[in-house]
Every structure is written in structure tokens, then in C-alpha cells.
Amino acid sequence: MLSTTSELSTTSGLTTTSEPSATDEVSAREPLPASTEDAMKIVIVGGFGVGKTTMVGSVSEIRPLSTEEIMTEASVGIDDASRVRTKSTTTVAFDFGRISVSDSRVLYLFGAPGQERFWFVWDQLFAGSLGAVVLVDTRRLEDSFYSIDRLEHHETPFVVAVNRFTGGPSLEAVRDALELAPGIPIVDCDARERESCKKVLITLVEHLTRLYDRTPA
Amino acid sequence: MKRRPIDRESPDRLYTITGGRTRADETVFDSVSLIVAECEPVPGMQSEHVKILQLARRPIPVVEISAELHLPVSVVKILLRDLLDTGRITVRHPSSGTRAGKPDPDILRQVLVALNNL
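Protein chains in written order, with my numbering: chain A, 74 to 290; chain B, 130 to 247.
Mixed in with the good hints there might be a few duds.
Stated by the list, open to error - Here are the in silico distance ranges between beta carbons for each label pair: (1) S175/A <-> E167/B: 22 to 32 Å; (2) L247/B <-> F193/A: 24 to 34 Å; (3) D235/B <-> R267/A: 18 to 28 Å; (4) R102/A <-> G173/B: 18 to 28 Å; (5) T156/B <-> S175/A: 24 to 34 Å; (6) G173/B <-> P104/A: 22 to 32 Å; (7) G216/B <-> F193/A: 27 to 37 Å; (8) C168/B <-> A250/A: 33 to 43 Å; (9) P172/B <-> R212/A: 53 to 63 Å; (10) F121/A <-> G173/B: 17 to 27 Å; (11) G216/B <-> S177/A: 43 to 53 Å.
To be verified - Sample of chain B residues with no beta-carbon within 12 Å of chain A, all distances over it, derived: (12) C168; (13) L213; (14) D214; (15) G216; (16) R217; (17) I218; (18) N245.
What the hints assert, rightly or not - Computed footprint of chain B on chain A; a stretch qualifies when at least three of its residues, placed anywhere within it, have a C-beta under 8 Å from a C-beta of chain B: (19) 195 to 204; (20) 277 to 283.
Treat the hints as calculated values from the structure; they're not laboratory data.
All C-beta atoms, glycine included, are put in the ideal place defined by N, C-alpha and C.
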């Protein structure tokens, strides 16, 4: 059995404060303002290699962080050690960044792999998201079908952003291929460019504003 | 994604960290619920609790604690429940709640301004 302390309190020996351990890592991160009251989320969904992490990194104010979640539906019970020992722990990895909105609000951007198993943890992680961006590679449109279907199922508003690698079909052709409803915005983007990613997020928030304007409370 | 700590982990370790607790209490925390420490760590505390209290000197969401501790979000939520029950942390829940609902138009405007200023 691994010791919990050996991994979690490793120290470089260069701590300058009175806290003997863990302080190094703590000080490496950029903390939120003490006045922060409310954190919001937007999720960027897409297949492998489509540019989710790149997009998160392009607009995030911090170096993107990554972590994992355990899949519940895979019948992995951490309360039942005998069962766990015979099954491998199934986790899904994701990364995220953040954008300050005000002294009291912050927006988190999550990159979520759109493959089937990830949707098992959607509610655990992304319930209550403002909305989502479906990031599309036109060479692998089929990767996006499932994500769009799932977002509709979860009633999460979304926009579609086509990360242009090389030319490819027109936005209208992609819209048709994805069978997008008429009201759903679709835009081109370059996930490496902050300005371009900004525009995608602005398109999403404007879409949300229009959507809720029309919907009685 | 280079770092896959759990893949290298013995499930026993997660069992030890959580004291064998189940996932039942997870819904208390959203993935972006902000955690605020209400006290300093004390000697004899579990190392993960010490680290969480250090990280939460300023508000920090559950997912950032998860990333910093290299532990899955669910495991962090169980650890947080212990700290909440003993009054060592307080929680600032997201205004958006946990269900798809209508966000406050003022909040959307604020987000739009922040994005434009990026």
C-alpha cells in the first residue's frame, strides 16, 4: 500500500515560510481574489486532437490545469475495496483554465473529450454550465455527432466552432452535415489564436442572451 | 495530458485517503464550488486536509484542489465533506446551481464584458 504522505508532501527543501511542506506547490498557483463569490463554467467539447486544450490555453489567464474524475457508472465503488482490487479504476481526464469576470466572479473553461465514456461524468462535473462550445475538426465530423446529441439531451445550450486545420467544407456544409437546428450559431476559429477563441466564447454568450431573452422565466 | 496519476495508483490508496467513505455526500459540492478555509491546519491532521486548508486560504474551486492534490474530483469532495462537517471550511456555491436554468442576464452581460476585455 502506498503511503499517502510520501507523495503529497514532498518538498524541495527550499521553503521560506514557517510551513514546512506543501507550501511550494501552493505558492506556485495564482489564487483567486479573496472577494470571489461565484464561479461559472463553460465547457469546450470535442474529439481527441481537435484543439480543446489549445483553446483553453489561448484564453485562460492561468496555465491550464488538468485533473481527473472517477466514472461512477462503471460500477467502481471506492467504498468496496475488494471489488476495486479486481477492477481497474476508470477515470476520465480533463483540463481547464479560467477567466476573471469581476472581483466577485470567475469563469472556468473546461476541455472535455467528447467520447462516449466521458458523458458518464458530465453531470458530476458540468451540471449547471452556462453553455458549451462543440469544437469540430471537419476531417472527423462524426466525432461531433455524439457530443451534439448529448448536449441536447442535457439541455446545455451550445455553439459550434470549426477549428480550421486545412480549408475543408464551408460552414453551411458543416451545418447541414451536423444537422444543426437553425438557431444554433456555427463559426470558424483558430484555437491557437486568443482573438479567435474570444470570438467563439462571445458568440456563445450572445447566443445564451438571445436564448433566454426569448424564454419566459 | 501527460499526468495520469490515478492510472498508476493503487485503489487501496484512494480507499485509505477517504477512510473508505462512499460517494454519497458528493452532491454537497459542485465542481466549481468555492472552498474557503476557516482555520489553519493543526498538527495530526491528515496530510490531504492540511493541504486543502493551505490552498483554501483564498477561495479555490473543487476542481483546482483536485488538480493541485492530483486526486479525482470525487475523492476531493469526500475529503471536503470532513472539513465542512467539522466547520474548518465554508462553501460558496455557484449561483448557476446544479440544473440547467436561466442565468441572470446581468451575469451574462458581465461575462460578455470580461470576454471583450480579454
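Each hint, compared with the structure:
1. S175/A <-> E167/B: 22 to 32 Å: holds (24 Å)
2. L247/B <-> F193/A: 24 to 34 Å: holds (32 Å)
3. D235/B <-> R267/A: 18 to 28 Å: With Cβ atoms ~26 Å apart, the hint holds.
4. R102/A <-> G173/B: 18 to 28 Å: holds (26 Å)
5. T156/B <-> S175/A: 24 to 34 Å: holds (28 Å)
6. G173/B <-> P104/A: 22 to 32 Å: Holds, at about 26 Å.
7. G216/B <-> F193/A: 27 to 37 Å: Hint holds: Cβ distance 34 Å, inside 27 to 37 Å.
8. C168/B <-> A250/A: 33 to 43 Å: Violated - the Cβ-Cβ distance for C168/B and A250/A, about 56 Å, lies outside 33 to 43 Å.
9. P172/B <-> R212/A: 53 to 63 Å: For P172/B and R212/A the Cβ distance comes to about 57 Å; the hint holds.
10. F121/A <-> G173/B: 17 to 27 Å: The hinted range 17 to 27 Å is violated for F121/A and G173/B, with Cβ atoms some 45 Å apart.
11. G216/B <-> S177/A: 43 to 53 Å: For S177/A against G216/B, whose Cβ atoms are near 24 Å apart, the range 43 to 53 Å is violated.
12. C168: Holds, since 14 Å exceeds 12 Å.
13. L213: holds (17 Å)
14. D214: For D214/B, whose nearest Cβ neighbour in chain A is about 18 Å away, the distance exceeds 12 Å, so it holds.
15. G216: holds (19 Å)
16. R217: Non-interface label stands for R217/B: nearest chain A Cβ at 16 Å, farther than 12 Å.
17. I218: holds (15 Å)
18. N245: violated (7 Å)
19. 195 to 204: holds (count 7)
20. 277 to 283: holds (count 4)
In this structure, the hints that do not hold are numbers 8, 10, 11 and 18, in rising order.
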